[in-house]
Amino acid sequence: MARDGFEVAVNGINNNYKHSNGKSNGISAYSNGHKVNGAQSKVQSTKSTPTFKEHFEQTPLGVAIWTYLGYAILVVIGQIRDFLRSIGIEKIKSCTEPKLPGFVPLFQSWESFYTRNLYRRVRDCWNRPIGSVAWAEMDILERVSYDHGWNFELTGKKQRVLNLGSYNYLGFSQNEGPCADAVEDIVNKYGVGTCASRQEMGYLDLHRNLDILVAEYLGVEDAITVPMGFATNSMNMPLLVGKGCLILSDELNHASLILGSRLSGASIRTFKHNDMEDLEEKLRFAVAEGMPRTHRPWKKILIVVEGIYSMEGSIVRLPDIIQLKKKYKAYIYLDEAHSIGALGPHGKGVVDYFGLNPKDIDVMMGTFTKSFGAVGGYLGGSKNLVNHLRVSSHSAIYSGSMPPCVIQQVISSMKIMLGKDGTNEGKQRIDTLAWNTTYFRQRLVEMGFIVYGNEHSPVVPILLFMPGKISCLSRECLKRGLGIVVVGFPATPIIESRARFCLSAAHTKEMLDKALDILDEVGDLLKLKYSRLKRQPALAESDNKELKNGTRNSSVSTFADLCTLSMKIIKTL
Amino acid sequence: MFRWGAKHPKPLSLITNFRFCIIESSHTLITMNIGTATSEENPTHSYLGSRGIWITYVLILLITHFMLLTIPFFSVAVAWTLTNVVHCVITYFMLHVTKGTPWGTPEQGKARTQTQWEQIDFGQQFTPTKKFLTVVPVAIFFLASFYTKYDTTHFCINLIALGFSVIPKLPQLHGVRIFNINKW
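Top line first, the protein sequences correspond to chains A and B. Following the working numbering, the numbering of the first sequence begins with 1 at its first residue and continues without gaps. Following the working numbering, the numbering of the second sequence begins with 1001 at its first residue and continues without gaps.
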């Protein structure tokens, strides 16, 4: 049965959940293995935070059954073909391990069953080579396979397609413009690489400037930058927590956070995705019980969450987490890889989106890859924290430091976002992104697709479910000139394979309309419009203003929210 | 099914000459990216508990049974016994013979020597999935006994099939390999 998504007023004053199955206090319920919309903790807040709308519509039962049958048929056919290969009727096209007498084989054929029989046949949907900069449009080099995915050949032709797959939230992945010019100058001045680690000869004045600029951008005391985004988590988390500490990490955290947590040696417990009641329960248990056998208190409790979860499109419930953290004296590690630059009226991430104080977050981490068109990451926090990281971070001691051209790209783009270059471009980009997000999501929901995630997140996953539709959608969209990213099992749960769109400030309304028309057409062709939620009414006048600035702090939206809030309170009386 | 796991080194024989190991070039395995999207490292632990899969299981069973019933040579009793035996053989191979996972996992081969039954729910016993998978062969046994009118031959065959279905699922046999068959 489809469930309505429900509105939650984050400040706890108004728990007004509209559930189709009649649950009145929105106690979280499972769907597809993760929470539909975990109920918040009942904490009061004096700030007027706006409504927080996240939808994770449950998979319709019939669709789930067809999906399983689809996979079952594929597995059976895969087994038959493996059998034919083993008895020699079908040629073996992949490498085979030579059978050396007296040696134990290194590989198990069963381990590559899925890759060989399922993934290989639809391999052309991923790793497409592109022949231009990955901006709002890109050139895809055409490939053709004459043997069903074993080998590809380039035909030499290029196809210009719309790019809805690149993480380019603010559109800084251009190869022209002020950022590119500044980078060119820097390359002439500083060269291409630093050729040393940060603690040796690789610490340039550019690095210092970047650290100061990042700290200013985030609103924290100091920051340190790391040349690789993944390594920012995996190399630095072990410095913050160790044995005897507890990490409470969200179910759907990224692999870098998991690796960092494991490397640290701390105990790890996961809480259900974005579910504050579960988190509070686990916090209470940890504080009351202490360590497993000795019951001594934990040295530190670190809550690890992400700003935007890239596979779900959901935004973390930061106000609730901060209140929980203050109540139970824990620390919070916020990974803003996808949300920095993409959320908030000033583009300063999820802290800005909710209007909170950055000093409340103990460790703010993020990457420059998604919004700033560069590589690398940063860690921001108090001066003591950053001093400790400067001295002992593995990425500062053992790896080469960030190249000067990358630093300059980040500096130029951050200056544009802060408004320091004197133009209005930063604000324009943020507003365009917010408008694009709301418009695109609204249109997709109106068309009838199941769209996951928060209404303001620029990551838009739509669900496809069946294995055949994953590859078909990708190919049909490419034929019509749209390049998208699709993800299937086993990277996602078995009944939640999806296509994920990443919106950008570089997309114009015409591009989005073209993409939506293509999706509409292909959605009808493949029958992808599964949603059984009641469609939202058409945009009213007051909503138009909210569209332009889809964030909290504008006075118009606050007033509208106050009106709706008061109406709801009156209705419940 | 053909599994070429690590075996004790044997002298060259005709059979081992024919068996070879099909591997994929490593870059395709890496690009599959299991577990980077979510933190679920090995979906085998939980996919049998996801929404609708039990219904699908019973549905596939019913479809197989009806297909067997349509064959004119088989009487009802034979069709039921055949359903029971076919179900037992297929689930035995899927759950208790197949080891590891059909995809490379980032958890570095922890599950490589575990059968699928041992991987379900991280090896916890008496979970709902395991209970369901144990009840289904028993239910089929009861139905088959009823429809075969408790005939002795059919009963023996059904009992052996039931034995193969239920005994490997006992918690005492978790991780046990009799006579080291299927150990690696």
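Derived from the structure by calculation, the hints contain no laboratory data. Hints should not be assumed to be uniformly reliable.
Facing chain A, a subset of chain B residues (Cβ under 7 Å, in silico) [unchecked claim]:
no., residue
1, PRO1043
2, TYR1047
3, SER1050
4, ARG1051
5, ILE1053
6, THR1056
7, ALA1077
8, GLY1100
9, PRO1102
10, TRP1103
11, GLY1104
Yeah, the Cβ is synthetic: ideal placement off N, Cα and C, and Gly gets one too.
GLY1104 (chain B) as an interface hint toward chain A, with CB separation required under 7 Å: 5 Å, holds
Per-residue hint verdict: PRO1102 (chain B), partner chain A, C-beta under 7 Å: 4 Å, holds
With chain A as the partner, please determine if ILE1053 (chain B) meets the hint condition of a C-beta pair closer than 7 Å. 6 Å, holds
Satisfaction of the TRP1103 (chain B) interface hint, Cβ to chain A closer than 7 Å: 4 Å, holds
Interface hint compliance - GLY1100 (chain B) to chain A, C-beta minimum distance less than 7 Å: 6 Å, holds
Interface hint outcome for ARG1051 (chain B) [beta carbon to chain A under 7 Å]: Since chain A brings a Cβ to about 5 Å from ARG1051 (chain B), closer than 7 Å, the hint holds.
Going by Cβ atoms only, is PRO1043 (chain B) closer than 7 Å to chain A? 5 Å, holds
Close enough to count: is the Cβ of THR1056 (chain B) nearer than 7 Å to one in chain A? 4 Å, holds
Interface hint status, SER1050 (chain B) versus chain A (Cβ within 7 Å): 6 Å, holds
Against chain A, run the beta carbon of ALA1077 (chain B) and see if the smallest gap drops under 7 Å. 27 Å, violated
Once the shortest beta carbon distance from TYR1047 (chain B) to chain A is found, is it less than 7 Å? Holds, because the Cβ-Cβ distance from TYR1047 (chain B) to chain A comes to roughly 5 Å (cut-off 7 Å).
Checked against the numbered hints given earlier, this structure breaks only hint 7.
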